[in-house]
Amino acid sequence: MLYAILCYHSEDVVGSWTKEEDDAVMARLAVVHEKLARDGRLGPVARLLPTTAATTLRKDQDPPLVLDGPFAETKEQLLGFYLVEGGSLEEILDVTRDLAAANPGGAYEVRPVGVYHPGGGKP
Amino acid sequence: MTDIAWIEAAVAGARPKAISALLRYFRDLDIAEEAFQEACLKALALWPQKGPPRDPTAWLIFVGRNAAIDVVRRRSREAELPDEAALSDLGDAEASLADRLDDAHYRDDILRLLFICCHPDLSATQQIALALRIVSGLTVPQIARAFLVSEAAMEQRITRAKSRIAKAGVPFETPGPVERAERLAAVATMIYLVFNEGYSAPSVDGARTRLCDEAIRLARLLLRLFPAEPEIMGLAALMLLQHSRLEARFDADGALILLDDQDRSLWNGAMIAEGLALIDKAMRHRRPGPYLIQAAIAALHARAARPEETDWQQIDLLYATLEHLQPSPVVTLNRAVAVSKVAGPAAALAMIEPLAGPLGSYFHYFGLVGHLLLQLGRPAEARQAFDRAIALARTPAEAAHIRSHLDRLAAEAAPRAIAASAI
Chain E
1 MLYAILCYHS EDVVGSWTKE EDDAVMARLA VVHEKLARDG RLGPVARLLP TTAATTLRKD
61 QDPPLVLDGP FAETKEQLLG FYLVEGGSLE EILDVTRDLA AANPGGAYEV RPVGVYHPGG
121 GKP
Chain D
1 MTDIAWIEAA VAGARPKAIS ALLRYFRDLD IAEEAFQEAC LKALALWPQK GPPRDPTAWL
61 IFVGRNAAID VVRRRSREAE LPDEAALSDL GDAEASLADR LDDAHYRDDI LRLLFICCHP
121 DLSATQQIAL ALRIVSGLTV PQIARAFLVS EAAMEQRITR AKSRIAKAGV PFETPGPVER
181 AERLAAVATM IYLVFNEGYS APSVDGARTR LCDEAIRLAR LLLRLFPAEP EIMGLAALML
241 LQHSRLEARF DADGALILLD DQDRSLWNGA MIAEGLALID KAMRHRRPGP YLIQAAIAAL
301 HARAARPEET DWQQIDLLYA TLEHLQPSPV VTLNRAVAVS KVAGPAAALA MIEPLAGPLG
361 SYFHYFGLVG HLLLQLGRPA EARQAFDRAI ALARTPAEAA HIRSHLDRLA AEAAPRAIAA
421 SAI
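Protein chains in written order, with my numbering: chain E, 1 to 123; chain D, 1 to 423.
For the record, the hints were derived by calculation from the structure and aren't laboratory data. Since the model is a prediction, treat every value here as computed from it, not as a measurement. Quick reminder that beta carbons are idealized off the backbone N, C-alpha and C, glycines included. You may find that some hints are simply not true.
Taking lysine-lysine pairs in the DSSO-like style, the calculated list, with each CA pair at most 30 Å apart, reads [unchecked claim]:
1) D:Lys42 - E:Lys19
2) E:Lys19 - E:Lys35
3) E:Lys75 - E:Lys59
4) E:Lys19 - D:Lys50
Sample of chain E residues facing chain D (criterion: CB under 8 Å; computed from the structure) [unchecked claim]:
5) His9
6) Gly15
7) Glu21
8) Pro50
9) Ala53
10) Gln77
11) Gly80
12) Phe81
13) Asp94
14) Gly105
15) Ala107
16) Glu109
17) Val115
18) His117
Computed footprint of chain E on chain D, listed as stretches where at least three residues anywhere in the stretch have a Cβ under 8 Å from a Cβ of chain E [said to hold, decoys possible]:
19) 65–71
20) 217–224
21) 329–340
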């Protein structure tokens, strides 16, 4: 079984870290990542840009509604995620609209990825 | 991270929300600040033992408010006429605390707080100083260091700003849509002033750099409150893209390195990615404002892996749009740089020659005139322009930069002079 480990934290707090504090956290995480990678158990790791960079596509309307800002509906749960490469937000929103057409209800949040490690596991 | 470091980060993160909520209760900047201070002391004492609360901001507001109510009650007992109306008002507030802690309320509270800091009665430097003290929680010595003034002078500046605001009488009602739009624009300007105060530092300097980080933090805060404002996205993007070049802007001796000569591998990729993402979002609104256009210009530089790959044509077009939206000689001067790349130095020089009047005491004007004259093979006139630029330089780095041109001109002129005398 593969497990997804989702990172949650207060953005107010993380945003208040100095560069030194942030670097220190990332360095400590890298130690954990390296061990997992050596064991061949590490998949992709992504750190998302702040929620201010997020766009949300709500699927409960036709055509779906594109909104600025993060997904904020606490009655819905995170059921999965994609990593998709694209040259612009418009391009990714087109992909998201295709996904939305195939999968009604709920919403997709588009969050640019800040840091990406492909992991040490086999493809 | 240690307990104390965690608490400091949580308190710094909660500060704008907590101070602005406390300001709404007490309608007095000093009491709000004292209340928050008091709550922070209690947090430092209690959180390491009991663990952090679920919602640190709500905790700080609640505890701060109770502490300040005690003080207000004590003071009002000492005073001859206890203000019963004010006290019963506070009682009501307590009952609806949970209600008031949603983002819609924070939004108006924080906007009100920022708006108070950029009150039109205050000078720009007072506005910045007050925002850094009240909203960002920088200490007076920290702010004084950033502004290169003494602590006493800065303390006085902030105290005067506060008393001026108290005298001016600030409305505390929830702002209407028009007022809110006006406030947002004033707040955006103030945030950009904070940023520029840091960005125009003569060298990489921790205290000044911190102002840039703080301005970006405030812009992100505004964006979380107003997620669909393209100009605020543009402002945040502009600051992120400019700040991303921090490590590349100065050489080991502290001299300024021009954009074309910067080592682009030193640019901060995460900041550039965030800036570009914000511009992408903002462009979807199709109402570009001045910050967004300036951010788009910065983005074209950021997207070029090497200086030769810069899309000057597009930059020229963006500056033309900016000139149209916000005509100013400085914008035209900046556009002339793009014009010199697209249409050559003669066209650029013709464009800026009429600006000699309005920009007659502007360092960058004579710097650019000198550069263009050099490119046109007119070294004697270039030297005159550089001489005027160096007299107008505001920082040693600016002066050193122009000095290097003058030295090169002198070095080139010297052999020719010898040759001439030989004939």
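Outcome of the hint check:
For the proposed pair Lys42 (chain D) and Lys19 (chain E), the alpha carbon gap of about 27 Å is at most 30 Å, so the pair holds. At roughly 25 Å between alpha-carbon atoms, Lys19 (chain E) and Lys35 (chain E) fall within 30 Å of each other, so this suggested pair holds. For the given pair, Lys75 (chain E) sits about 15 Å from Lys59 (chain E) by alpha-carbon distance, which is consistent with the 30 Å threshold. Distance check on the hinted pair: Lys19 (chain E) and Lys50 (chain D) sit about 28 Å apart at the alpha-carbon level, within 30 Å; holds.
The closest approach between the C-beta of His9 (chain E) and any C-beta of chain D is roughly 10 Å, which is over the 8 Å cut-off, so the hint fails. At a threshold of 8 Å, the smallest CB-CB gap from Gly15 (chain E) to chain D is about 6 Å, leaving the interface hint in force. Because the closest C-beta pair between Glu21 (chain E) and chain D is about 7 Å apart, less than 8 Å, the hint holds. The interface hint given for Pro50 (chain E) holds, since its Cβ lies 6 Å from the closest Cβ of chain D, which is under the 8 Å cut-off.
Checking Ala53 (chain E) against chain D: minimum C-beta separation of about 4 Å stays under 8 Å; hint holds. For Gln77 (chain E), the suggested interface contact is broken, since its CB lies about 20 Å from the closest CB of chain D, more than 8 Å. Evaluation of the Gly80 (chain E) hint against chain D yields a violated restraint, the C-beta minimum of about 22 Å exceeding 8 Å. Taking 8 Å as the C-beta cut-off, the interface hint given for Phe81 (chain E) is violated, the closest approach to chain D being about 17 Å.
The beta carbon of Asp94 (chain E) is not positioned within 8 Å of any beta carbon in chain D (closest approach about 13 Å), and the interface hint is therefore violated. Because the beta carbon of Gly105 (chain E) sits about 22 Å from the nearest beta carbon in chain D, more than 8 Å, this interface hint is broken. The closest approach between the C-beta of Ala107 (chain E) and any C-beta of chain D is roughly 14 Å, which is over the 8 Å cut-off, so the hint fails. Hint on Glu109 (chain E) is violated. Least Cβ distance to chain D is approximately 12 Å, over the 8 Å limit.
Taking 8 Å as the C-beta contact cut-off toward chain D, the hint placing Val115 (chain E) at the interface holds, the least distance being around 7 Å. With its C-beta approaching chain D no nearer than about 14 Å, His117 (chain E) sits outside the 8 Å limit, and its interface hint is violated. Counting residues of the stretch 65–71 of chain D whose CB lies closer than 8 Å to any CB of chain E gives 0, so the stated coverage by that chain is violated, three being the minimum. With a threshold of 8 Å between beta carbons, the proposed coverage of the stretch 217–224 of chain D by chain E holds, since 4 of its residues qualify and at least three are required.
Counting residues of the stretch 329–340 of chain D whose CB lies closer than 8 Å to any CB of chain E gives 0, which falls below the minimum of 3, so the coverage claim is violated.
In summary, the numbered hints that this structure violates are 5, 10, 11, 12, 13, 14, 15, 16, 18, 19 and 21.
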